[in-house]
Every structure is written in C-alpha cells, then in structure tokens.
Amino acid sequence: MLEVILGNPILLALAALVGLAIAFGALLGFAAVRFEVEGNPLSDQINAILPQTQCGQCGYPGCRPYAEAIADGDSINKCPPGGEDTIQALANLLDVEPEPLDAEHGVEAEPTVAYIREEECIGCTKCIQACPVDAILGAAKLMHTVIIDECTGCDLCVEPCPVDCIDMIPRKGGIQHWYWPLPDGQNRGNLIATDRSSEQAAA
Amino acid sequence: MSNPGWVSDCDMPSKLILPVTQHIGAPARPVVEVGDTVLGGQMIAEAQGPVSVPVHAPSSGTVTAIEARAVPHASGLTDTCIEISLDGKDEWIGCEGLANWRDETKATLLERVRLAGIAGLGGAGFPTAIKLASDRDGGIHTLIINGTECEPYITADDTVMRCFAQQIVEGAEILAHMVGAETVLLAVEDNKPEAADAMRQAAVALEIAEVVTFPTKYPSGGEKQLIEILLNAQVPSGGIPADIGVLCQNPSTAIAVRDALIDGKPVTHRITTVTGMSLKDPGNRRVMLGTPIRELLDTAGFNADSADRVIHGGPMMGFAVTDLDMPVVKITNCVLAPTRSEIPPPQPQQACIRCGMCAEACPASLLPQQLYWYARAKDQEQLERHNLMDCIECGACAYVCPSHIPLVQYYRSAKGSLREAAKEKVRSDNSRARFEARQERLEREAAAREAKRAARKAAAEARAQAGDDPVQAAIERAKAKKAQQEAEQ
Numbered sequence: 010m011l012e013v014i015l016g017n018p019i020l021l022a023l024a025a026l027v028g029l030a031i032a033f034g035a036l037l038g039f040a041a042v043r044f045e046v047e048g049n050p051l052s053d054q055i056n057a058i059l060p061q062t063q064c065g066q067c068g069y070p071g072c073r074p075y076a077e078a079i080a081d082g083d084s085i086n087k088c089p090p091g092g093e094d095t096i097q098a099l100a101n102l103l104d105v106e107p108e109p110l111d112a113e114h115g116v117e118a119e120p121t122v123a124y125i126r127e128e129e130c131i132g133c134t135k136c137i138q139a140c141p142v143d144a145i146l147g148a149a150k151l152m153h154t155v156i157i158d159e160c161t162g163c164d165l166c167v168e169p170c171p172v173d174c175i176d177m178i179p180r181k182g183g184i185q186h187w188y189w190p191l192p193d194g195q196n197r198g199n200l201i202a203t204d205r206s207s208e209q210a211a212a
Numbered sequence: 243m244s245n246p247g248w249v250s251d252c253d254m255p256s257k258l259i260l261p262v263t264q265h266i267g268a269p270a271r272p273v274v275e276v277g278d279t280v281l282g283g284q285m286i287a288e289a290q291g292p293v294s295v296p297v298h299a300p301s302s303g304t305v306t307a308i309e310a311r312a313v314p315h316a317s318g319l320t321d322t323c324i325e326i327s328l329d330g331k332d333e334w335i336g337c338e339g340l341a342n343w344r345d346e347t348k349a350t351l352l353e354r355v356r357l358a359g360i361a362g363l364g365g366a367g368f369p370t371a372i373k374l375a376s377d378r379d380g381g382i383h384t385l386i387i388n389g390t391e392c393e394p395y396i397t398a399d400d401t402v403m404r405c406f407a408q409q410i411v412e413g414a415e416i417l418a419h420m421v422g423a424e425t426v427l428l429a430v431e432d433n434k435p436e437a438a439d440a441m442r443q444a445a446v447a448l449e450i451a452e453v454v455t456f457p458t459k460y461p462s463g464g465e466k467q468l469i470e471i472l473l474n475a476q477v478p479s480g481g482i483p484a485d486i487g488v489l490c491q492n493p494s495t496a497i498a499v500r501d502a503l504i505d506g507k508p509v510t511h512r513i514t515t516v517t518g519m520s521l522k523d524p525g526n527r528r529v530m531l532g533t534p535i536r537e538l539l540d541t542a543g544f545n546a547d548s549a550d551r552v553i554h555g556g557p558m559m560g561f562a563v564t565d566l567d568m569p570v571v572k573i574t575n576c577v578l579a580p581t582r583s584e585i586p587p588p589q590p591q592q593a594c595i596r597c598g599m600c601a602e603a604c605p606a607s608l609l610p611q612q613l614y615w616y617a618r619a620k621d622q623e624q625l626e627r628h629n630l631m632d633c634i635e636c637g638a639c640a641y642v643c644p645s646h647i648p649l650v651q652y653y654r655s656a657k658g659s660l661r662e663a664a665k666e667k668v669r670s671d672n673s674r675a676r677f678e679a680r681q682e683r684l685e686r687e688a689a690a691r692e693a694k695r696a697a698r699k700a701a702a703e704a705r706a707q708a709g710d711d712p713v714q715a716a717i718e719r720a721k722a723k724k725a726q727q728e729a730e731q
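Protein chains in written order, with this note's numbering: chain Z, 10 to 212; chain S, 243 to 731.
Simulated from the structure, these hints should not be mistaken for lab results.
Please note that the accuracy of each hint is not assured.
What the hints assert, rightly or not - Heads up, simulated DSS-like pairs for lysine-lysine below, C-alpha to C-alpha not over 25 Å straight-line: (1) S/Lys723 / Z/Lys181; (2) Z/Lys181 / S/Lys665; (3) Z/Lys181 / S/Lys657.
Note that this is a predicted model, so its numbers are computed, not measured.
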C-alpha cells in the first residue's frame, strides 16, 4: 500500500493534502473550542453605541435587547433618545445606509430627568418598581426621590404614578453644559476677539 | 497702553454681584440667605464636591438677592449670583493666619488654600488646591511662577510683579514648600524689564528661586508652552505638567496663597487691567470681586459712544460682554473696551487655500487644517485622533489665516462637543451597569421565589406521603375537642 502511494505522485500529493487538511481541521476545531468568544460581540458593540436610556421606546425592554435585535437584523432607526447621532454611529458600525428616525417610536427630544414633587408623593413605590436603573429611592408610605445623576430620563416612572407628581425636566441647558456652536461659515464671529459681533452682542 | 507700574483701587461699588461659579468645576452652594448681614471675608457659598471652590464676601453689607444674573461667560447665559448691598463700612471678620506654616502638614495647608477660595487667577480659574494636590509619583521638582502675560493688552501680571514682588516670592516659597519643589523659576518675558528687576530684587530672599527671562511671543503664557521654553521638556499629550514634575502658578495666585496662609484672608479682590482706546484713563485696578463691569469702566473714563463693544479677557481669547452689569470675577484678568478701528470686525471667510500658516503658528504642534475639516464634518473619532483636546484655544491659527477662517471657533465648538460626548459616555456606561445589575437582581429574586415555592410544595408533598395530612389532623383535633366538651357536659 505504502509503496503504491509512494510510487504514484498523484496519490502522494493527494495523501499529503488530506493529511494537511486533517491536521489543520483539528487545529481549527481545537481553537474554536479553546478560544470561543462568549456572548455576541456585535451586539455588545451595538449596545455600547445605544444611549442606555432603557426607555423601551424601541419596543424592546431595554437597550441590550434592542442591541441583540439589531444584531439579528432589526432596523437601526428605532431609538429616539439616541437620535440621528446614534443612527449614524450604528450605520457606520454595521456598514449600512443611515435611515431617518422612525417617528412611530417617538421623536428626538432634549434629554430630561425625572423630578418628584416630594410634598405630593404618597409613597406608593410604583415608580421605584418601574425605574429600569434603580434611580429612585424611597419606601412604602415614605416620600420618594430621584437620584438625578443616575436618572436616564426614560419616562417610565411617570405613567405608573397615581398622583401625577413626577415631572420630566430638561437635564441640559444652563451654563455648565453650554459650549460654543460651530461657526456658520459667514464669519460673523470675530477674527480677533473671537466670538459674537457687536450686533449679536446687542441683541 | 494700560500703563503698568502702579495700581489704583477701584472705588467701592454700592453693590456686588458674586456668581457662585467663578472657577472651573462644580458651582458653590450659597450658605447665606436674602436679608443676612455679611462681613468682609465671610464665606457666602461653600464648595460643593471635590472640584469646587467657595465664594467669600469682599466687604460688609446685606445680602439682597440670590438669583440668576448675567455672568461673565462666553455663552451670555445667566447663572446663580449672590447680590450684596454694601454698607460702606468695610468691616471684616477676624482673619487668623498660620504663623508657623512650615510646621503644618500639607493637608492642613491644602485645606486652607481650598477654604480661601483660590482658583487660578491667571484667567483659567482652575481650583488651586486640586492643582497643588495632583502630584504624580515622581513629585514636583520645579515650580514656575508664570509671569508671562496671557495676551496682548493685558498688563495685570506685569503690574503685580512690579508692585508686589515680595509677596509673590513669599507665596512661591509656600507653594514650593507644599509641593516639595527644589527649584523655583520666576518666568518673565523680556518686554517687562522693570518687572524682572523687581522680581530679581525680591528673589534674593528665596535661595532656590531664579528669575528667567525669555523672548516675548504669544502664547508663551500657556503652561505647556512655557515649560517647553524654560525646561525644554514637553508635557505629554493629554497630560498635565505634574506628569513631568512641574507646577505652574500665576503670580496673583501665589499672592493669594500667601494671603490665605500668612494673613488668613480669602480671595476677595483681584488686579484687573482696564484698557482700550475708548477709555480716557486705562490702567490696572485692584477690584472687589463682584464689582459690575460698568462701574469698573466708569472709573477709567469709559466713553460708551466710541466703544465698539466691551470684551472680558484679552483680544485673542476673550469674549464680548453682553451686559455691562456683569461682575468682575476671579478669572477677570482684563476688561477691554476697544474702538471699532482698534479691533475691526473680521473680513468674510474664504476657502482654505492649504497654505499651512496655521500649522506653523500652532504652539501645540497640531494640524489645524485637518482639525478644521474634521470639526466641520463633526468627525469625533478623527478629532480625537488628531489630539484636538491639546488645543489651547489661543487663536494664533485664526489670526494668521489669510482666508480669515475662524479656525479657533471651530475647535472650541468641537472641543465642547467632545467633552459633552465623553460625559454622556460615562453616563450611559453607568446606566448600562445599573440596568444590568437590576436585571440580575430581578432574576435572582424571581429564582429565589421560585425556589421557595418549590420547597414549600415539596414539603407539603412529603407530609402528605408520610400520612401526615394537616387538614385531616385539624379535623381530628376539632373532633377530639368537641368530644371532650360533650364529655364535660
């Protein structure tokens, strides 16, 4: 047998190739088991882009489920809190055409935080249970309050409140969040003392 | 033009408007109420959070309002201010200095600096206590007193060095002691020979101090630029001078530290340059913080008709004042009232011709053209890759641009959006962690409930199998009791 193979160059080549295929197949098989990536790396990347508001406006119970749905082929324009920027980033990541925001799921709005009018709160804990990020503190029959820094502005606590004591107030605005707008290309800002012209300043 | 060499006190205004944010960081929280009587030096707003500084009343009077007012900020927005109507008596609380500051621990000294409300008085307003506390593993070997004037027109540092050289050196000694610096460099540009002389005379008192002069060129006052000039060392991109063992402080800040430790006085006044062609009497004024800019200008013979506008800060990095009732704050190093011909309006922007003059002018060795395109395209990834955050917003690129492109405005905007994006990222990472923690908790609770239910079911089944039916047992007990009662009757 061995002699036949060694004597026949075609069979020899065939045997060598089969041998290599088996060897590399085993190596790849081993690597697949040994270096297996846990979870879905694509949905992790998508989840990193989503704004983590956990508002459910996309129709999924949170940002991770939506990220998984996008990874499985759902459309990328269902996230109103993320808005155009998020759609653009997702389109870049997934190498698809960006689409306008699907108005069915809501419109892009200023980020907000929930604010509980504490004197009206009856302490029912319904909002605490609704909060997806545990940002509301309180106990039964005791006043509740929102940890502003942790609130994502998802709106989910407003609806369950039986006494309507929760307001959504804009999170940004004010001097701490302000930054220069991009010049409009008309150069109305000043070349030297940089910014607004006297006409604007007077306005 | 603003005639350095002497400083006059600005007249005491009738009221002061003190913003709670006069520094970089979290706003201070007012600790007085409307109607309260305050004395000079009294803390009226306390620091909130680690990166924050308190605000003190510069003179005695009554708090008449705590509300949103126009503040010196490029946005022209309003912010919380404490208004004090002065009684003119200028009564102060008792200030107690540390006689033997050399014997105190660094923590005590830092706390004093923090409580004195000191923020970088050069114009940036970064809390000084934080800067002093941020030494790296290698420690600080060199302290630089940065007497380089930030911008053309401004002579506040020059004046301070001429008039208060001794206090600067004392402050430098304290600062060097606090951070353990072995060398103190008193950096003066070569167009201020009088200041350099004054500093040389004062520096005799401090052995480790040395006055260094170097050619005048905007923007050598940037701390990273100054370090490169003096020490021929570069601060790494995104780093701070402490990374290479250097600390820079403005002369006025050094004096403020000295006053805080030796005299126990907080920051309540500052030296401000008041200049521009529409002033009859430009010069440097020692101003109470909170003085409305209008009153400061009036002391300098302000001619509102000839002034094109009023600028807070210098001509390169300053911003137009939208409301002359804005107060002078800790970062107000200059108030500029130029005429229209002095600082003319810009010419129309034209297309970039790729001449490269901006790249030559950039003191941070960035690529302004590339940054310009990326800023217009809002390409945050590329902006970061091209180190936009190292831009010091000096405006040299926009100044030299033959197409009059307001380059620095693009960078300012892009930097703002990068900063906001970074904050949002932190926020969303935090939310993700909290959301996932909650999901986990809910699952755990559901599993625990399920386990409990299963355990109860199993226990009930086990009892039933053992012929130990609780219902049957209860019926038996009731029967037995009834039988007993009947027997008793």
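_Checking each numbered hint in turn, tell me which of them this model violates, lowest number first._
Hint 1 is the one this structure does not satisfy, whereas the remaining hints hold.
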